[in-house]
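Chemist: Fit chain B to the supplied structure of chain A, relying on the hints for placement.
Here the protein sequences line up with chains A and B, keeping their order. Mapping of the first sequence onto our numbering: position 16 corresponds to residue 19, and the numbering continues sequentially without gaps. Mapping of the second sequence onto our numbering: position 99 corresponds to residue 511, and the numbering continues sequentially without gaps.
It is worth saying that the hints were derived from the structure and are not from the lab. Ideal Cβ placement from N, Cα and C applies to all residues, glycine included. Each hint can be trusted.
Simulated restraints on C-beta separations:
id: 1; chain 1: A; residue 1: LYS87; chain 2: B; residue 2: THR500; range: 34 to 40 Å
id: 2; chain 1: A; residue 1: LYS87; chain 2: B; residue 2: GLY808; range: 18 to 24 Å
id: 3; chain 1: A; residue 1: LYS117; chain 2: B; residue 2: ASP504; range: 20 to 26 Å
In silico DSSO-like cross-links for lysine-lysine, where the CA-CA straight-line distance does not exceed 30 Å:
id: 4; chain 1: B; residue 1: LYS764; chain 2: A; residue 2: LYS100
id: 5; chain 1: B; residue 1: LYS764; chain 2: A; residue 2: LYS82
id: 6; chain 1: B; residue 1: LYS648; chain 2: A; residue 2: LYS64
id: 7; chain 1: B; residue 1: LYS507; chain 2: A; residue 2: LYS117
id: 8; chain 1: A; residue 1: LYS100; chain 2: B; residue 2: LYS719
id: 9; chain 1: A; residue 1: LYS117; chain 2: B; residue 2: LYS764
id: 10; chain 1: A; residue 1: LYS64; chain 2: B; residue 2: LYS570
id: 11; chain 1: A; residue 1: LYS100; chain 2: B; residue 2: LYS793
id: 12; chain 1: B; residue 1: LYS806; chain 2: B; residue 2: LYS796
id: 13; chain 1: A; residue 1: LYS82; chain 2: B; residue 2: LYS806
id: 14; chain 1: A; residue 1: LYS87; chain 2: B; residue 2: LYS815
id: 15; chain 1: B; residue 1: LYS526; chain 2: B; residue 2: LYS764
id: 16; chain 1: A; residue 1: LYS64; chain 2: B; residue 2: LYS478
id: 17; chain 1: A; residue 1: LYS100; chain 2: B; residue 2: LYS815
id: 18; chain 1: A; residue 1: LYS64; chain 2: B; residue 2: LYS508
id: 19; chain 1: A; residue 1: LYS100; chain 2: B; residue 2: LYS806
id: 20; chain 1: A; residue 1: LYS87; chain 2: B; residue 2: LYS806
id: 21; chain 1: B; residue 1: LYS671; chain 2: B; residue 2: LYS683
id: 22; chain 1: A; residue 1: LYS64; chain 2: B; residue 2: LYS618
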Amino acid sequence: MPSLLVKRCLVATSLLASLAMVAALGMTARAAGEAAKGDRALGEYLSSECVTCHQLSGQFKGIPPIVGWPEASFIEIMKEYQHKRRANPVMQMIAGKLSEEEIASLAVYFGSLKPSH
Amino acid sequence: MSTSRRQFIGGIGAIAAASSLPRPAIAQAKPRLVVVGGGPGGATVAKYVARDSQGAISVTLVEPLKQFVTCFHSNLYLGDFRPYDSITHSYDGLKKYGVNLVHEAAAAINREAKTVRLASGVTLPYDRLVVAPGIDIKFDSVPGYSEAASEIMPHAWKPGPQTQLLKKQLDALSDGDLIVMIAPPNPYRCPPGPYERVSMMAHVLKAKGHTKSKIVILDPKPNFSKQGLFVEGWEKHYPGMVEWQDPKMHGGIKGVDPKTMTVRTDLAEYKAKLVNVIPAQMAGKIARDAGLTNDSGFCPINAENMKSSSDANIYVLGDASIAGDMPKSAFSANSQAKVAALMIRGELTGAKTFPARYTNTCWSLIETDDTVKVGGRYEPKDGKIAAVETFISKTGEPADLRKQTQVENMGWYAGIISDIFA
Numbered sequence: 004m005p006s007l008l009v010k011r012c013l014v015a016t017s018l019l020a021s022l023a024m025v026a027a028l029g030m031t032a033r034a035a036g037e038a039a040k041g042d043r044a045l046g047e048y049l050s051s052e053c054v055t056c057h058q059l060s061g062q063f064k065g066i067p068p069i070v071g072w073p074e075a076s077f078i079e080i081m082k083e084y085q086h087k088r089r090a091n092p093v094m095q096m097i098a099g100k101l102s103e104e105e106i107a108s109l110a111v112y113f114g115s116l117k118p119s120h
Numbered sequence: 413m414s415t416s417r418r419q420f421i422g423g424i425g426a427i428a429a430a431s432s433l434p435r436p437a438i439a440q441a442k443p444r445l446v447v448v449g450g451g452p453g454g455a456t457v458a459k460y461v462a463r464d465s466q467g468a469i470s471v472t473l474v475e476p477l478k479q480f481v482t483c484f485h486s487n488l489y490l491g492d493f494r495p496y497d498s499i500t501h502s503y504d505g506l507k508k509y510g511v512n513l514v515h516e517a518a519a520a521i522n523r524e525a526k527t528v529r530l531a532s533g534v535t536l537p538y539d540r541l542v543v544a545p546g547i548d549i550k551f552d553s554v555p556g557y558s559e560a561a562s563e564i565m566p567h568a569w570k571p572g573p574q575t576q577l578l579k580k581q582l583d584a585l586s587d588g589d590l591i592v593m594i595a596p597p598n599p600y601r602c603p604p605g606p607y608e609r610v611s612m613m614a615h616v617l618k619a620k621g622h623t624k625s626k627i628v629i630l631d632p633k634p635n636f637s638k639q640g641l642f643v644e645g646w647e648k649h650y651p652g653m654v655e656w657q658d659p660k661m662h663g664g665i666k667g668v669d670p671k672t673m674t675v676r677t678d679l680a681e682y683k684a685k686l687v688n689v690i691p692a693q694m695a696g697k698i699a700r701d702a703g704l705t706n707d708s709g710f711c712p713i714n715a716e717n718m719k720s721s722s723d724a725n726i727y728v729l730g731d732a733s734i735a736g737d738m739p740k741s742a743f744s745a746n747s748q749a750k751v752a753a754l755m756i757r758g759e760l761t762g763a764k765t766f767p768a769r770y771t772n773t774c775w776s777l778i779e780t781d782d783t784v785k786v787g788g789r790y791e792p793k794d795g796k797i798a799a800v801e802t803f804i805s806k807t808g809e810p811a812d813l814r815k816q817t818q819v820e821n822m823g824w825y826a827g828i829i830s831d832i833f834a
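Bound conformation, chain A alone (with noise of 0.2 Å):
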């Protein structure tokens, strides 16, 4: 997860300088070709429609529990069910809206909760 500084930066500074300070500053290399980087106050906006069916307790009861996963991962999935890679309909229509950002949001959100059950 970025720091506050760097989310300030983000925010403040066009998308490609803000990929160059990711970078100046150490943080994760960003896959090449990724554009979009993760707001974790939008994803937490945006997990409110997740939360209907996964728990953010993490605990598993027949939907996949989708906390502190890495944030490579999500963003994969999601993708795949953007593309129908992955079968589901309920995934592939809410993944499908998303845009780039909206799902590293969430990505970044989901990534930074830790079950708690």
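Modeler: Showing chain B alone in chain A's frame:
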């Protein structure tokens, strides 16, 4: 529609620019939200506003019942797929977010004074009010039916004792007995619900070896939700047991007589051992009395935020609202509540708000490990909540997919209950 940070609406700036400053910021320390009705819409909005405002908004939830029995999955209780206790939930989990629970009936809303009067006479002032009373039954929409008659011919379309009465009657049947269901006209709570209920009744009869029993559905509609999927399932699992009649077949539902347990249509008279009458429906009384409904009996809302079309201080959620293409379901109410919670925080504390987006999915169990689903996502468009994408299970799906859909169904229930009450 996607939302970028650049599209965020600055709540504080928007409020400052608005013609009517929220009075609470001036008049008292904390703005007050009162929520009438503790179902999936009301309880969710109470939790989300209290939790996310972190004490900046006083949230009071007015709900007479101390435990909430879900209408969703009550069919699974009828079908012996889950016990009654498992669809019964306490409100206590909301206390940790600072929600004030008032277990009393709300008697009246004074829109001019911005107060809610409780049955005890206590008056609750509000800055914003959420009205989420669910449905009331239009008993007189079926000739011969009444609230008293529902003790003999249950509707079981409001959860609780009616659900238990229907279960008791179902379990008491003998082989060869006839069940008649009168299905409701549109719009009504849970569009696939009557047909899932028929499936669960058939499951119970089949499990008991009641091969001579029959279920007749008398429907005022020419078609129904997930019709192809249900009909396929009935033919597969319960051959010869379920008979669905549309208006062209029965010619009109003429009435019921609880004393003789008969149901008359234009075509025939049925003498049944169990009659499940699901009448037409309307928004809960308090919404009607407050003048929030139109001629349909339900409440028009602003698709952008779930506000009442007739009162900018009131939001209407769930089954009581006219939510465009969204069905009346727990999932819908929960989704609407999250939109409303954000907008309320934006109005009362200047929190950032975002364009509304809504989702819904409804799962229906037809037989053990055979579950289907329908769903969609929705956005405000041309003044109503419009479907922008929908999906539905397909007929002929493989058994393992249907089984997985049932696992998902149970997982969703656990998830939404946690989301509402925990």
